[in-house]
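Put together the whole structure using the sequences plus the hints.
One-letter residues, chain by chain:
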Amino acid sequence: MIVCVAVVGHQNNPLYIQSFTEAEDALKLHHIVHCSLDVIDERVNNPSKSGTTLNEAFLGLLYPALNYKVYGYLTNTKVKFIMVTSDLDVRDTDVRSFFRKFHAAYVDAVSNPFHVPGKKITSRTFSESVTNIVSSYSFN
Amino acid sequence: MVEPVNSSLGKMLLEEVSPVVMVLCTPLVEETFLKNGLSFVETLKPFCNFSNIDVPVRTSGDQLYRLKKFMLRLFNAADIRQPNVEVAKQRLEHVITQAGEKVFHDLKSDPPQITDILSNSESEIAPTWFQYYNKELIRTLSFSDHEAFDHPVACLLVVSSKDEDPLNKFVDLFNTNRLPSLLNDGVMDPKILKHFLLVHDNQDATTERTSKVLSEMRSTFGNNECNLLCTNSSKEGNVEHQANPWASFKSSVPAEKLGCALTGDDIGEIKDLMQEFASRHIIPYMEQKVRDLNQQISATRKGLRNQIKNLWWRKGKDDIPDSTKGSIYTFSSTESQIRILGDYAFMLHDYELALSSYRLISTDYKLDKAWKHYAGVQEMMGLAYFISDQSIKEAEYCMENASSTYMKLGKSGFQNATRCGLWWAEMLKARDQYKEAASVYFRICGEEPLHAAVMLEQASYCFVLTKPAMLHKYGFHLVLSGDHYKICDQVNHAIRTYRSAISVYESTTWSHIKDHVYFHIGQWYAIVGMNDVAVRNMLRVLDCGNQSKSTQEIFLRDFFDIVKKTGMKHEVVGLRLPVINMSSLQVIYEDHRTYASQASALVEESIWQSLEDDIIPSLNSGKSNWLELQSKLLPKKYKESNVCVVGESVKLDLEFRNPLLISTSVTSVSLICELTENSDDLKLVEKETSSLSLGTEHNQVTTSGFSSFTLSEVDFTLGGGEKKLVRLTVTPSEEGVLKIVGVRWELSGSIVGVHYFQSVPTKAKTNKAKRKNKLTPTDPLKFLVIKSLPRLEGSVDHLPDKLYAGDLRYLVLELKNNSESPIKNLKMKISHPRFVNPESHEEELTPGFPDCLKKGPEQNTVQRETSRTSVFEFPKDVSLQGDRSLRWPLWLRAAIPGTISLYFTIYYEMENVSSIMKYRTLRMHYSLQVLPSLETSFEITPSPSRLQEFLVRMDIVNRANSDSFEIHQLSTVGCRWGISLLQPVDTILPSKSILPGQGLSCFFMIKDCRKPGTEEEKTTSILPSQTDIKLITQDDDEKLFDIVNSPLASFHESERSCHGTSDQLSPNTVDFILISRLAKSSNPSAEQDLPKILSHHSCHNRIRSSIPLSWSLDGPKTMYHDFSTSFCEIKLKMVIRNTSDGFLSVSINTIDGLPDAAAPTPSSGNLSGWRYVPAITEEMKLTSDVMRSRLGKPPPSMESSPPFIWSGSSSTKVQIQPLSTTEIPVQISVFSPGVYNLCSYTLTWELSEHENASSSTSSGICQGYPCYLTVLQSE
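Protein chains in written order, with full-length UniProt numbering: chain X, 1 to 140; chain E, 1 to 1275.
Since the hints were derived computationally from the structure, they do not count as laboratory data.
Any given hint could be a false lead.
What the hints assert, rightly or not - Derived list of chain X stretches under chain E, where covered just means 3 residues or more per stretch with a C-beta under 8 Å from a C-beta of chain E:
{"hint": "1", "segment": "2 to 16"}
{"hint": "2", "segment": "25 to 35"}
{"hint": "3", "segment": "38 to 44"}
As the list claims (entries may be wrong) - Residues from chain E that keep clear of chain X, each with C-beta distances beyond 10 Å, as calculated:
{"hint": "4", "residue": "H105"}
{"hint": "5", "residue": "P190"}
{"hint": "6", "residue": "G974"}
Even for Gly, the Cβ is constructed at its ideal location relative to N, Cα and C.
What follows is the structure, encoded as structure tokens:
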């Protein structure tokens, strides 16, 4: 189950963060997402380490936290997508396709002429489509 | 990279993995040394560390090497045991608490900046007490049973020379009963090197006895094993040591006291003793032991044969149950021997030998499943690899292996795992692998919160030191660590970690995390009593609009609790609760322009200006002297700022927004102002005030009663997310320069928020610029206060905001001047003269409204002054002063439906002009909503039978939504037209009122009563005064409304001018006024606001006629004639009237012949008897049908009427003057009795402007219309 998705701007400012858990763990998930930014930076700055993913937006598994796995995705505009899942065996292809759909939803949201680039995404349509995407992936 | 030996781990290992010397001493020895404030062990401790001992060592190989750094660890025999877990834990906690107390004072300072943190080196970032803590943590594991480096290598037996029978004492000391249990249990080897020391106290013992005892000792224990130590040479015991060697070891006692009885010689003696002990005894002993063990082990374990044997033997032990207890190995077992060999070799810095021994033993332990031993050996292997600077991978692998093996042991192994982790982390740090070190620290967090907190904090510092720094993780680990500290009530540490974390989150937009950090650090500061710092931090949280409601409640509640605890009012500049919307700032003030109400102040300035153009004396009136005039009017300085008047308030509208979901009450909202006395020393005073702290200055103004201005205070409550526009006022009471600096407000009576306006002057300026047009002041919040002036207040009483079109109201304009000085030259201009009409006299209506409009008994037909300018000037004698108020009557008539903004501007001048302001204007603005009511349209057509009579068809439609109307009266305007009913009133409108949406048509007759000056009027005319008809049946006594002498007339004038078209002068137009009123039953509620009468004006209704003439054929209708005598000649008269203003020439052509053929064919239109048929509409058709049925077709017998002959001239041409009538005699001859239709003629007319003009403007031909003549045979 995906517990949290986030969009982070190129200055590491949160653009959108949404958790899908019932528990009051928003703060924890915020921290996890915030921490994973370090890993993304590391991945991006040392592309040699990750080898083949030189020209790929998908960053793969960022780090396994205690009960979660964190995946990352970096767009051409240096906007980061971060996904936290509580499923511990996840196939990369699933995550890849998840991020592709998520990216499409994001592009739709920022194409809105009323969206201010670099500001938080407040579009209700976006959050609805994200919820749909998230609910369609259970990784099992 | 640092050399492994010199790294911090290398130093640590030197300290921790070094030979242990067990000290056994008599109480008298301790007593001797306590004179110095130190125990025996403590006295020796500083001298056990040899930085360059330079001893040649040879272990297993033949190679000699020199030992440089060496250290001994001295322990009292009683301390050689495994420390109690609980005691150890308490000691660790104590270390942390102590460290927390030390940092307490730093907490007040501002949190470190992230750039500072990044530029610092490792030692500066991590607190120094970590080293100490780690050391203590490692010590809790000393003397464990699976390791050998804590086994005592030697034993130091100490007896004082004062002891009785010292030799026996020596024997007693090494009595097995008194030895530590570990030695007796067989874990440690009790056969160790013994060294005997005699202590001689120079203060109170005799040298003779000492030397005697010493010689006895030497003879008993051997010469080499005995030493003499003379101490306390200083008799007075007040020696002070520069750089006291003990200071760093014992901090609880003042450093000066330590070793006070020891002279420099004594210290030198101790030093020499320890040096000798280490180099002469311990090292050779260890060398020897290593060599022995190595030989022994080579014999039993090395070589292929031995290994196979060993393997086989161990296989046999497989059935022994998995034992983690170390007790299966005693010191004498082969495994322990190998371990001892390894540890000794390690301590002697022969890492090769140590490694090979460890390798050998580790497989054994693994086979035996003695995991603890195995892990311990792996750990040592890792360290050995590291310190000998060999394979990094191997070292890490071993550490990892050790750590995970310890972890597998569960709780019992955790402490060991911790130690292993600490070493491992140090190892990684030494190799600059900080990130990995951090993860190691994270691994050894464990469950105990305090322990976890320290480890997490250490991990966080590793993230900073990573290149590039991983600040996000740094912050996260600090927060985690802080939370753990808090759980263990280590609030100081919690604050310290969070403070560092703030530096990470401060500049980010991760508000959720930020709020959490600031809120908790605020709470914790409050716990430690630093309420002011707490408040400072909590303030950052208040603007937490993105948090849930309950969180916001908690934030606010705690915040106010803390604020209350501080017990004082905090003044906070830039408080974000509530949020001030600076773009909403609007300043409303009155200079020469005054406003009657809020609404009028908000009207755009250009509207007023265009309205006031005519009445205000223009500044630029004379081009020649505008310079002079301007300068006289407004000195240059004044032009730079806005002008306001003493005693008149300056209003400021500001929007406050609550960012939270919970409602907040804001109290005492007021402006912060400065009023400087004189504009000349403006700059000087301003400087003074700005240097003052504004908070105190403000208090001074309000509390001390020195009030050069008064401020309004507003209290309000903002609901969740609510916005409120608040009006704040300041009223200056002295002349000078007033400056509005900012706004302040109180939150829950304890926090004072202050907001200064300077930050956004541009925004306000543009706003201002719009208002002031050309005269843009530099600062919209700066005012020049001039002395008090009269100010007119005005209002229109009972002005309804909703009314029907045509509604006529009587209103009163009330003007009041509260000041003593009079005003004069009042003028008023109204934006919609069509709507409002001022009465010319200041009079109260005597009969009341609407009866005053009705016709009195005496008809006063004085025509009112019709041409009025748009400016209404009050009579010259009107001057207002003091309490007297002027009540001026006004008439309001809602002319057209829609939303109407009415602007009144009243100009007045001050009587005693001494100020820079000579005149002022009062501006009033009202908006009306006018609903549609009755709509009328009129159709006028000439009557076919009468020359000057016309038929009027009035169509009324009720456009109102709900109300029905009664029509009351219809009048024509002016004296020209008389009006009369065609039908009885009852038949026109049986239901009496017109319902919403209902349409109605009714017919009237009007008659032109105009008398041309020359011609005499022959027609019988109705009285000229009959211009009104009552259209109502009940209330017979009710009088008609006077439309000539009432305000209705003036409204009619404006209506006329509004509808005025180019053919205004066309004579054939009629104006009607329909007066109606609301049906009584339709709206029983809102009785007061009911419209009393409504007037509907319809102007310039043209007579719908295409020809400018009318005519009739007059003559007898019936004649008797004796046809036997002759044919009959009948004289007729054709009366032609010129209805136009032009000159008309008409020629009459008679046509003889068959009337059937000549007469115009009775087409449907012509049959009706109307010569003009307007475009046919639905209603029209109806009426024409009515006409047709009424007039009827001529009887069929008439069709075959006998012929007649026109006997006069067949063509006559006449000229007719404008509006005059002429008669032309015509004659016919008939030959037999019958009914004749005299329609066989045509009139050809030509109209021209002038009498003899050749060109005609229009011309046409008219057919004659039927006129029947009956001729009978006379008897």
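- Query: Given as covered by chain E, does the segment 38 to 44 of chain X meet the bar of three residues or more with CB within less than 8 Å?
  - Reply: It holds: at least three residues are needed, and the segment 38 to 44 of chain X offers 3 whose Cβ sits within less than 8 Å of chain E.
- Task: Take the segment 25 to 35 of chain X, compare each residue's beta carbon with every beta carbon of chain E, and decide whether three or more fall closer than 8 Å.
- Result: holds (count 6)
- Assertion that G974/E lies outside the chain X interface [Cβ separation over 10 Å]: Non-interface label stands for G974/E: nearest chain X Cβ at 63 Å, farther than 10 Å.
- Query: For the segment 2 to 16 of chain X, do three or more residues have a beta carbon lying closer than 8 Å to a beta carbon of chain E?
  - Reply: holds (count 3)
- Item | Separation of H105/E from chain X, once the least beta-carbon distance is taken, above 10 Å | 30 Å, holds
- Query: Beyond 10 Å from chain X, beta-carbon-wise, is P190/E?
  - Reply: Consistent with the label, P190/E stays out of reach of chain X, its closest Cβ about 48 Å off (over 10 Å).
Checked against the numbered hints above, the structure violates none of them.
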